[in-house]
Amino acid sequence: MKKAPILAMSAALFLAACSDSNDNGGTTGTTGASGGSGGAEAELTVSAASSLSEAFGEIGDAFEAANPGTTVAFNFGPSDGLAGQINEGAPVDVFASASPTWMDSVQDDGPGVTDRSDFAQNRLAIIVPADNPAGIENLNDLTEDGVQLVLAAEGVPAGDYAREIFQNAGISKAALANVVSNEEDVKAVITKVMSGDADAGIGYVTDVTPDVADQITLIPIPDEVNVIATYPIAVVNGSQEADLAQGFVEYVLGDGQQTLAEYGFLPPP
Amino acid sequence: MATDSRRSPSTASSPLRRGRIPAGFVVLAALGVALVALPLLGLVLRTPWSRIAEVLTSDTALAALRLSLIVATTAAAISFVLGFPLAWVLVRSTFPGKTFVRAVVILPLVMPPVVAGVGLLAAFGRRSGLIGSWLYDWFGIQLTFTTAAAILAATFVSFPLAVLALEAGLRGLDERLEDAAATLGASRWYVLRRVTVPLMGPQIAAALVLSWARALGEFGATITFAGNLQGRTQTLPLAVFEQLQTDTDAAFAVSMLLILLAFAVILALRGRFLR
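Read top to bottom, the protein sequences are chains S and H.
As numbered in our numbering, residues 1 to 269 make up the first sequence, in order.
As numbered in our numbering, residues 1001 to 1275 make up the second sequence, in order.
Just so you know, these hints were derived from the structure itself, not from any lab.
Using N, Cα and C, we set each Cβ at its ideal position, and we do this for glycine too.
It cannot be assumed that every hint is accurate.
Unchecked claim - Which bits of chain H does chain S cover? Going by a derived footprint, with three or more residues having C-beta under 8 angstroms, they are:
1) 1115 to 1129
2) 1141 to 1151
3) 1243 to 1257
Construct all of the structure, not just a fragment, from the sequences and the given hints.
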């Protein structure tokens, strides 16, 4: 147990360094380090599932505009990895996960959370390059010989959901035999499909954003076998900016819903 | 790296060298050591020693170790086979643009590995790659997601190290020995085999060991260009990265294995780095 602080400290230093570099130069960047938030300047560190990158980016800007002096620093990544960082002591104020599993992990095995609530849902989909080189039209086509299929790694919500879908459809063995890469997070899956090196990947409906819509095509997965991903958000216990963090959570549950809907997220259950 | 070990006794005992060491230097030097030593200490303390045998003999670890050895060894071999003639050309000939060629070859040394991966995709990707699209359209060959891609990525980043070490070796060579052999009727191939290569022994060893070690640690270019699949492209660093998300113990155990391998490399080169 006495070993933990070393790692926690290095994780904390690392994250602090990361979020500093996210400052856009306007602020002095000294908040947080001294512990006291004092005055109007405050920085909020939000760890969020990579599938939220675009939507939360916009929500963050709006939140900053609504709360002058506030900077929101995002740490996007795979929910399992983010939970791991928080449980090792990374100074994170808000956690938004793409699956309840990793929120549970922070709640039970980590520092704990407050104000937890589900804020969105998402559907999984087959993502193929725009020219669809392997002629994929449905889930069964993913089992054809030689299809280069890319998934998120096991443990990453999008990876676990994809495997669950294959199981629901009874194609686990054949589909998993076609997997050529287990990616770090869902955005890495999309990148591999976008480059045209993979024939298909399993991602979220929300991954086909307007920016990439000309490069990738979405093929819906039938509701009978599809998985609906539920996204919880919460304030991480020990946050130096607990009030502001709670404000951000409320913002996501309130005004932020409109933005999430625009990016294709479904309302919470 | 190429400096020889001859040290004149007068330098070693000169007043400047032996004089008092500034206190500030001691503090900064200690900080420097701590900077490197603390993460290592953290790794040693966090490594699940009681489970290490079990973790390191898991399917994931064994597959990654096997693949890493194949990838690093092949990359080091390719780096040497291509690097030796290149070093030769760079040291023993002059041609326009030589400085530029040399700069390009050494660039991967200071390039962010993920950028290397993006570059490899641009060259060897199946759809838009300069050569990759042609390979795929004409022969149906796809490099991405294959072990060959992992080897290519590892070679890309380790090649400059091999070239630099071999260049240093060739520069330090007394060409008169080669000339003498040639005068005595030895063929160019014979001179190369029996004079040049034996004289360059230490630098050739350094080139192989350094490029092997760099290839062993390759991560960014591999995950970007080759992907991550157990037994095919998941080398040890990729296994550490994936396991860090799911099985932290395993990640620390595999990290420790990589450190021991790196330490073995330093020992192998002790004549060069540790005097």
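Consistency of the hints with the structure:
no., hint, verdict
1, 1115 to 1129, "holds (count 5)"
2, 1141 to 1151, "holds (count 3)"
3, 1243 to 1257, "holds (count 4)"
The structure meets every hint from the earlier list without exception.
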